[in-house]
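2 protein chains.
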Amino acid sequence: MSEPEQKSGGDGGDSTVPKAVVSRLSLYLRQLQQGVRDGQATISSKELGRLLGFTDAQVRKDLAYFGHFGYPGIGYRCDELISAIKKILGTDQQWPVALVGVGNLGRALIGYKGFAQRGFRIVAAFDNAQETVGTEIDGVRIHHLDSLPEVARENKIRLGMIAVPVGAAQAVADRLVAVGVEGILNFAPVTINLPGGVSQVGVDLAIELEQLTFSVVNRGTAT
Amino acid sequence: MSEPEQKSGGDGGDSTVPKAVVSRLSLYLRQLQQGVRDGQATISSKELGRLLGFTDAQVRKDLAYFGHFGYPGIGYRCDELISAIKKILGTDQQWPVALVGVGNLGRALIGYKGFAQRGFRIVAAFDNAQETVGTEIDGVRIHHLDSLPEVARENKIRLGMIAVPVGAAQAVADRLVAVGVEGILNFAPVTINLPGGVSQVGVDLAIELEQLTFSVVNRGTAT
DNA sequence: TAGATTGTTAATCGATTAACAATC
DNA sequence: TAGATTGTTAATCGATTAACAATC
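Sequence lines, in order, name chains U and P. When we follow numbering that gives the first Met the number 0, the leftmost residue of the first sequence carries the number 0, and every step to the right adds one. When we follow numbering that gives the first Met the number 0, the leftmost residue of the second sequence carries the number 0, and every step to the right adds one.
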């Protein structure tokens, strides 16, 4: 039984992969894990596409950016493809994450079970409300924001999540960048400015509802 | 002072607007509101684009899908453009929303301030844990899921949010559809199947982190 | 072998950008 | 008027789809 090859040996990540491809990769991974839970050993591009609303050609093309993972006549072996995609996304390892902002949303993030299952662990949370600093929530210690430098260093933090009010978001981002954070998941409804070399993903809950509203109001557009 | 015209009178929503355009519309709106808070009366496509990382041509093209909102030599009047975009997105009115699933995340959604400011109000929440049913959180009543039909009808609910575990998501979605919900914001990490005519927006928190991880691991890709 | 399905090329489709006449 | 900026067209760029030889 031969291991599937991998293009451009090592980490993959050739030239430029379209952003859209990467986001579909996450969906493939999620669906494959669902498949494994349902006892499925292999899956074809056609089936995988059907489950997610993509064409089979698109599934094959997306995966082919990164290597030869399939078996003609058979399809893809779920466990192999799961490992391959995790490696591509960088989630074949555990990532320690820092959370800043322990309000309603921050607390929900600390308690969110879905992170652990996909390679993320909130190892420290920060706030500057005296009431919360020093306490623990779900086993996660709440530190004062001023101790960010030490705690970040000790825990080798490379990813941060921002769940503070709009007015504080940019300042918090600056502090995260200052301690060497390389990627920020921003829940504050504002576009923050980051230096090159630091990545940002923004999640604005109201905007998500807005997008939904548009498609409801304009019958015809879906998903 | 002449009102800016609007293409295809009435609701707008001509033929097919690319999905990407609609998502930028939400960002324009957010930035414009920020501008107004900072006391700005007008803004050019160049400035608006710069603040969000788009080209000026893209901003103009996006807006031109829906009408003539700008003034040559001047730019766009913030308040006018805000009204126009709200009307396009359908958020010039208040939308009552139903939430299903009152766990950690559900509670955070109930308390989230950002919804009200953008035209959404969670008017009822549903769960089937006996402990929570009958209580109120932040003024929002928690009902048993079985009373969804009555409550949805009484409140003219057209939008629903799902914050239940993966295993329950599809069944909950089916029940929402059955009571006439037309759009679902799904926080469960699974793709749910909906009949045509019902829209879905999925938010998977772990996937957002995954996307971030990819761009961190593959230095060069940003935002 | 026949059937299924891959990886990949070429063709199509759609979205972004550059350029510019029209306008204030 | 000169300067700024729009809306729109044409050119460019990129992403999706269809088709098919190669493979199991």
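A portion of the hints provided could be inaccurate.
No copy labels: a pair is met if it fits in one copy or bridges any two.
Unchecked claim - Here are the computed lysine-lysine pairs in the DSSO-like style, where the Cα-Cα straight-line distance is at most 27 Å:
#1 Lys60 / Lys155
#2 Lys112 / Lys85
#3 Lys45 / Lys155
#4 Lys112 / Lys60
#5 Lys112 / Lys45
#6 Lys86 / Lys112
#7 Lys60 / Lys18
#8 Lys60 / Lys45
No wet-lab data here; the hints were simulated from the structure.
Hints, one by one, checked against the model:
For the identical chains of this complex, Lys60 and Lys155 are neighbours neither inside a copy (36 Å) nor across copies (44 Å), given an alpha-carbon limit of 27 Å. For the homomeric pair Lys112 and Lys85, the shortest alpha-carbon distance inside one copy (18 Å) is at most 27 Å, but the shortest distance between copies (35 Å) is not. For the homomeric pair Lys45 and Lys155, neither the shortest alpha-carbon distance inside one copy (41 Å) nor that between copies (39 Å) is at most 27 Å. Taking identical chains as interchangeable, the C-alpha atoms of Lys112 and Lys60 are never at most 27 Å apart, the minima being 32 Å within one chain and 42 Å between chains.
Within a single copy, Lys112 and Lys45 get their C-alpha atoms no closer than 31 Å, and across copies no closer than 42 Å, so neither meets the 27 Å cut-off. For the identical chains of this complex, Lys86 and Lys112 are intra-copy neighbours only, at 21 Å inside a copy versus 38 Å across copies, given an alpha-carbon limit of 27 Å. With identical chains, the CA atoms of Lys60 and Lys18 are at most 27 Å apart both within one copy (14 Å) and between copies (22 Å). Taking the shortest Cα distances, Lys60 and Lys45 sit within 27 Å of each other inside one copy (12 Å), while across copies they are farther apart (36 Å).
In terms of the numbered hints stated before, the structure departs from hints 1, 3, 4 and 5, listed from lowest to highest.
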